[in-house]
Amino acid sequence: MNAIEFHNVSFSYGGSFAIRNLSLTVGEGEFIAVLGHNGSGKSTLARLCNGLLEPDEGWIDIFSLSVGKRRNLFTIRKNVGIVFQNPDNQAVASIVEDDIAFGAENIGLAREEIGRRIDFALKAVGMEAYRHAACSRLSGGQKQRVAIAGVLALDPKVLILDEATAMLDPRGRREVMDIVTRLNREQGRTVVLITHFMEEALRADRAVVMNRGEIVMQGTPSDIFERHEELITYNLALPRIGCICEALKQGGLPVGATLDEEKLAEEIAQCLSRQND
Amino acid sequence: MLKDVSFGQYYPVDSFVHKLDPRFKLLCLIAYIAMIFVAANFYGLAVCAAFFLLAVAASRVPFRKIMRSVKGILFIAAFSAVLNVFFYRGETVYAEWGIFRITYEGIIFSIFLVVRLFLLVMFSSLLTYTTTPMALTDGLENLLTPLKLLRLPVREFALVMSITLRMIPTLMDETERIMNAQRARGADFESGGLIKRVRAIVPILIPLMTSALRRADELGDAMDSRCYMGTYTAGAAKRTKYKKLAFTRRDLIGLLFAGALIAGVILTKVYLGSLL
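Top to bottom, those sequences are chains A and B.
Quick note: the first sequence uses our numbering, first residue 1, plus one each step.
Quick note: the second sequence uses our numbering, first residue 1, plus one each step.
Please note: incorrect hints may appear among the correct ones.
[What the hints assert, rightly or not] With a cut-off of at most 35 Å between alpha-carbon atoms, the simulated DSBU-like pairs for lysine-lysine come out as follows:
(1) K241(B) / K69(A)
(2) K244(B) / K148(B)
(3) K249(A) / K157(A)
(4) K269(B) / K19(B)
(5) K243(B) / K157(A)
(6) K238(B) / K123(A)
(7) K148(B) / K243(B)
(8) K238(B) / K78(A)
(9) K243(B) / K123(A)
(10) K244(B) / K123(A)
(11) K238(B) / K69(A)
(12) K78(A) / K71(B)
(13) K69(A) / K148(B)
(14) K241(B) / K157(A)
(15) K157(A) / K71(B)
(16) K157(A) / K244(B)
(17) K65(B) / K238(B)
(18) K148(B) / K71(B)
(19) K71(B) / K241(B)
(20) K269(B) / K78(A)
(21) K78(A) / K123(A)
(22) K65(B) / K78(A)
(23) K269(B) / K123(A)
(24) K71(B) / K238(B)
(25) K123(A) / K157(A)
(26) K269(B) / K71(B)
(27) K148(B) / K78(A)
(28) K65(B) / K244(B)
(29) K19(B) / K241(B)
(30) K19(B) / K196(B)
(31) K19(B) / K65(B)
(32) K243(B) / K69(A)
(33) K123(A) / K241(B)
(34) K19(B) / K238(B)
(35) K69(A) / K157(A)
[Unchecked claim] Label pairs and their calculated CB-CB ranges:
(36) F86(B) / R137(A): 47 to 53 Å
(37) A46(B) / R116(A): 49 to 55 Å
(38) I195(B) / A237(A): 50 to 56 Å
(39) A46(B) / K123(A): 52 to 58 Å
(40) T164(B) / T25(A): 38 to 44 Å
Quick caveat, the hints were computed from the structure, so don't treat them as lab data.
Even glycine gets a Cβ: it sits at the ideal position worked out from N, Cα and C.
If we strip away everything but chain A, and leave its shape as in the complex, we get (with noise of 0.2 Å):
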């Protein structure tokens, strides 16, 4: 079953189409990354997504349940979660431990079941130790991780990450991103992850690259990422290693394009030997 389908979308917020005659389809446990430059449509998605908007035109499914449906409202929250931008913007209680308890309290299950909600959910994001700490106190990337355990304790299929990084440090934006796919890859969890950081997209199974409310790339990471001279005019620019690699071709090293570290100093090595050869 697909987790996610968009059937020939389109949403405006009252003047131009914000998502235009869009279709996309997301697998069960796939990663997908979703990139775009500002006002490319991509957080408009992620919102249509659990029915917070509702398409003008075109239709769309979570799990074959209708989003335009009222009644069907609820069960695809319980199974989509979203995690927003603003770390400071989305806890609703002064504690962590009742932050993480609103949404199980929401969906109503029973005291003893929402203490186990919570211990699961702190331990997958690696924020046991702050049960009992107060949000306020907490880093920025603490505070999207409590965040992240928030919508957890849900235990949704699909996760979303509207931006969930881009206000955050290197290093919260790391801790962040090594969550995010160990819940992918361990607990076979769906991630869309809605960004505008390349090099997080290369931990996704699958890129989709949005303007103007329209896809208009598709295809792995690495695929995406070889048609560079694309990407910059849709104002996206290529992570830090694919332009090394770039360079290294344009000054005379025939390297590989490669968007791994490892390899790319491999081949380095290697175009380096046979040259002195």
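Knowing the structure of chain A, use the given hints to seat chain B on it.
For chain B alone, kept in the frame of chain A given last:
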């Protein structure tokens, strides 16, 4: 600078009073206020004062912390004391100028009034020193549960309280950021008269409001995403509660003391007569 403003004034130590059920503490405060007004003479107030001192001792909150709460009402206390000294219609006159008259009864009554006021404020502050705002919210929600029968949204009210408490440190940080941004552009918050200073606040308030509204919008989305359905319940599960308040043996001991307080105050009123 703003970060040091601790909201509420919780004093984090581990004590008998800290561990009491917040519901019991809230009810106890109400009973205490009632008893202060039931007390008809200094004996009654002495019982109240003894109860208060016992509570302070059991709370391990330093006494000078509690004295600080009196500062805020010093002016009101002095004002009402002076007013009573001059205008109380007593019998034993010490001095008289026109409508002003200082009497023995006036002085006694003023002292009585001030002691009452001080006890009231100090005991209330003990509650906030020993109970976190979160616990207070939980306790209040629990005590207001019967109002659900009248279809009042008690749970939502508690959630609003909880979000408010949560947002205070965030908005404090934000205020400081905005003030620094304005300072960097040459704004001056420290000098000038009252009107000038108040006017200097406007450029802080406006961005603060805009950002608070934006935050509210995003928080709403985050809550929706976590299956919060509010009063819209079609297809939704009934909300449950994780935090459970428990009445322990400690509360029973507290209850005994509270009973002694009430009995003491009423006995002094019945057997020892009124103040004057």
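Violated hints - listed by number, lowest first: Those not satisfied are hints 3, 12, 15, 17, 18, 19, 20, 22, 23, 24 and 30.
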